[in-house]
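J.: As given, the protein sequences belong to chains A and B, one line each in that order.
First residue of the first sequence: 50, per the working numbering; consecutive thereafter.
First residue of the second sequence: 107, per the working numbering; consecutive thereafter.
Please note: incorrect hints may appear among the correct ones.
Computed footprint of chain A on chain B, listed as stretches where at least three residues anywhere in the stretch have a Cβ under 8 Å from a Cβ of chain A [said to hold, decoys possible]: (1) 197–205; (2) 240–247; (3) 439–450.
BS3-like mimics (lysine-lysine), calculated; alpha carbons at most 27 Å apart, straight line [as the list claims (entries may be wrong)]: (4) LYS51(A) <-> LYS159(B); (5) LYS346(B) <-> LYS428(B); (6) LYS422(B) <-> LYS354(B); (7) LYS309(B) <-> LYS72(A); (8) LYS58(A) <-> LYS510(B); (9) LYS112(B) <-> LYS544(B); (10) LYS72(A) <-> LYS286(B).
It is worth saying that the hints were derived from the structure and are not from the lab.
The beta carbon of each residue, even a glycine, is placed where N, CA and C say it ideally should be.
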Amino acid sequence: MKHIKTINKANLKKTAAKGGCGKCQASCQSACKTSCTVANQKCEREA
Amino acid sequence: MIHKFKLGGFNILLDVNSGGVHIIDDLTYDLLDNVELPFGDKCPEAAVNKLSKTYSRQDIEDCYQEIVSLYNDKILFSEDDYEKYALSAVASPIKAMCLHIAHDCNLRCKYCFASTGDFGGGRMLMDFETGKRAIDFLLERSGDRKFLEVDFFGGEPSMNFDVVKQLVEYARSKEEEFGKKFRFTVTTNGVHLTDDMIDFINKEMYNVVLSIDGRKEVNDRMRVRVDGTGSYDRIIPNFKRLVEKRPKDRDWYVRGTYTKYNLDFSNDVMHLYELGFDQISVEPVMADPSEPYAITEADLPKIFKEYEVLSEKIQKIRDEGKFINFFHFMIDLDQGPCAIKRLRGCGSGNEYVSVTPDGDIYPCHQFVGIEKFKMGNLYAGTFDEEMKKMFAQAHVYTKPECKKCWAKFYCSGGCNANNYIYAGDIHNAHKLSCQIQKKRLECAIMMKAVKMLESAE
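Next comes chain B alone, as it looks inside the complex (with noise of 0.2 Å):
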């Protein structure tokens, strides 16, 4: 399986199986689409005919045995042969957990997945009792894992930070018995940071996820206060002060959502980072499509153009020498994450699990009170080892819309989550997601591999 596209002036070869990207000149765009396997010894005559009228005979014959070549070394049309490896982690251990703090929060933002903040089942704060059942729950299910992740969620973690120092304490405490090193991650609104809370993050956080949806217009029509006011300018000190505070080697992100609203939503980025913000992640709602926010196949157009236009804008800034971090423009085309790791994306169900305040256990964060989803219990010690396994069975190849999508092993079958909500089964697409998505790895493949063509000339 190929995939081609024209994008910035290029034109960007991808051989899906291989992971081998090229970039092409316009008679090699043309040609491969008049040219199928098997191949012969020469280029065959309808497609030189074809094509002759714009190029020369000779060109196109040069071209197509560069195809071939390639196509013998095995990465241009190579074979999909991973499917053997899909069933390799149905007994995988559980490495990583969403634990809901606090299922309450100091805002009401109005696109808000969680409820406001209860995710539909009232008001409530994890006790540290619980929060230690659910990290000896991870300890027990790991396995042979030693990094463990625990992000702290909400609602607002910072609504119940002394149970959070206390869950963190008690984790470290175990480390060494355990064999095991916990990667400690939380998510903010930042309305109530203390200094105290923010050297303790700095501290103890192996990342950060600052929420903040850019511009204040942006930002403070969705994400407002109890009083309906906004947000904006009481976060911005205490994300500032953060950062600042934060040592160079830790993670962190400043992470908005766009919605229908501001689908101009480079201008955030840009917002974000000319407030001295270099590590941004910001992505589309997902809504039920009744919601005036909502973002609907007929606002794509924009978006992707709007994609476009953000590729520009952050390959300005680094032509500068200046340093910016897009997190879905992120990708490593040598170095990613291994194949297998590729299909079957974020691990929810099977490697990944959430933890309400109330000890119930979801395959992840979004599931959370759906009560079909519901795997378990902490106090009454259950866990439905067949949800697991058919989570661990949610791959790329049993998802049949993204067997035979080009962009399956970047994406990896998607947000199982998203899949149910919307398109009714984890195992269906989202397509509105997958779009979104698609368009967004062109442009970070695109300014990749023009990086690596730079870089070797």
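Just chain A, with the same shape it has in the complex (with noise of 0.2 Å):
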């Protein structure tokens, strides 16, 4: 495309279908114990 230049997989849809397997890390157990950030966590699903 000549003026939209698309970035990445935008599959955050398809993680929902298989997601909520709660393996991942609880977010605020990693480095800020005061705010909340999730995005930046990784999916532990095991494939």
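Starting from two chains that each stand alone, build the complex the way the hints lay out.
T.: Structure below.
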């Protein structure tokens, strides 16, 4: 496309279908403890 | 829902519900202000007429067709259809615990949310029996969760390190029987870190958070010892020793707090980096607005600018081929957490609880001492399932401001404790936190998108 460059896979919807296993880290346990950032957590689902 | 912003010389377009990130030209940026669903075959004449003073009619029409094409591909103006997943974690097991191993501290940090270590409840160390009961509680409540997180927190955990060691040994002894794997973390101010403690931490702890605010004058203004002197000179050698000896595959962060006194906090991040610490988390103090060090709405323009400065400084380091990681700029635009995880954030009160030295259970460390949020007690054998359910149901669709916010799948409804303490209810967004969070996210998305664009070209 000339005007718009799509950067990523935009696959959030696909993650919902197979998501919710709960194996990932509780986000507050990593390095913040006073705020909440979830999008930097890793998915730990085993394939 | 879409969100677009200009940053670092780029126009970024986020499709909130698909997670799609696009880099767009000025025409697209302007056209998106002038078109809306439902889309037709041709660009609306009003939009063409308005923009034709700046852009050619053919370009406008071509651009419109690109927008429609992405809409048809469901990566622009895509539907929000996640609400049906929001109830799925109500019966979630508990997988993470903040263990308040010491309600005492050898520092008297002026901004401490824990009343300089005792959480307002008197100085106290956790004994082994209480810690053991906490570990048992976690084992019993963790269902099919394999990885169990225990964060040794305080106060200052090194003041009760023998119990830390005993509890790690106890928990490890239960792993095989229960089919679990404990991931321990510790948050320490570094004042009394001995070589023995460092070796233990580096062997047993999955992550370690080292508290330091940055430049000596910044750190020592807030992070003072009991006698009023600064802690910087004492902790730097200890932290350096720990990091030098830490296995490369283990996580660690130096973690600072910035206040109104150092709104130029990018200099503190750079100071930590120059000291050799390249895993850095520095974030804003949360405090009553009446405190002189508190960040207020009036500080936001300066803070926003500072995050932009910080992103430029970090990019410069990376352009030189060197490594630096800033926690709040970490983002994975392709393989991050699933949409279901993103609906309710940290899991406090539901998947995650805190336990105090006297065995009280709270939704998280920040709620400790707020009586109405006491969920139970390990000795009394009580646990408030209704409160657990209430926290489970606190997600982006039950938080009115979050529901309509573009950042909802990145911050996931924010910090429940901050929401309660500063906005009166766990469902009310703490707007100051939100605004800072959104700026950090814009910087993070921009940096990552530009990197991905460069990789693709």
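J.: Are the hints correct? Go through all of them and say.
T.: Evaluation of the provided hints:
Restraint check on the region 197–205 of chain B versus chain A: 5 residues with Cβ-Cβ distances below 8 Å, three needed, restraint holds. Closer than 8 Å: that is the beta-carbon criterion, and the region 240–247 of chain B has 0 residues meeting it against chain A, so the requirement of 3 is violated. By the rule of at least three residues with a Cβ nearer than 8 Å to a Cβ of chain A, the coverage given for the region 439–450 of chain B holds, with 10 such residues. Under the criterion of a C-alpha separation no larger than 27 Å, the hint pairing LYS51(A) with LYS159(B) is consistent with the structure, at around 20 Å.
Only pairs whose Cα atoms come within 27 Å are accepted, and LYS346(B) paired with LYS428(B) is accepted, the gap being roughly 19 Å. Distance restraint check for LYS422(B) and LYS354(B): the Cα-Cα separation of roughly 24 Å lies within the 27 Å cut-off, and the hinted pair is therefore satisfied. For the hint linking LYS309(B) to LYS72(A), the alpha-carbon distance of about 23 Å falls within 27 Å, and the restraint holds. A C-alpha spacing of about 23 Å is found between LYS58(A) and LYS510(B), which places the hinted pair at or below 27 Å, so the restraint holds.
Between LYS112(B) and LYS544(B) the alpha-carbon distance is near 13 Å, which keeps this suggested pair within the 27 Å criterion. A threshold of 27 Å between alpha carbons decides the hint, and for LYS72(A) with LYS286(B) the separation of about 12 Å falls inside it, so the pair holds.
Of the numbered hints given earlier, the model fails hint 2 alone.
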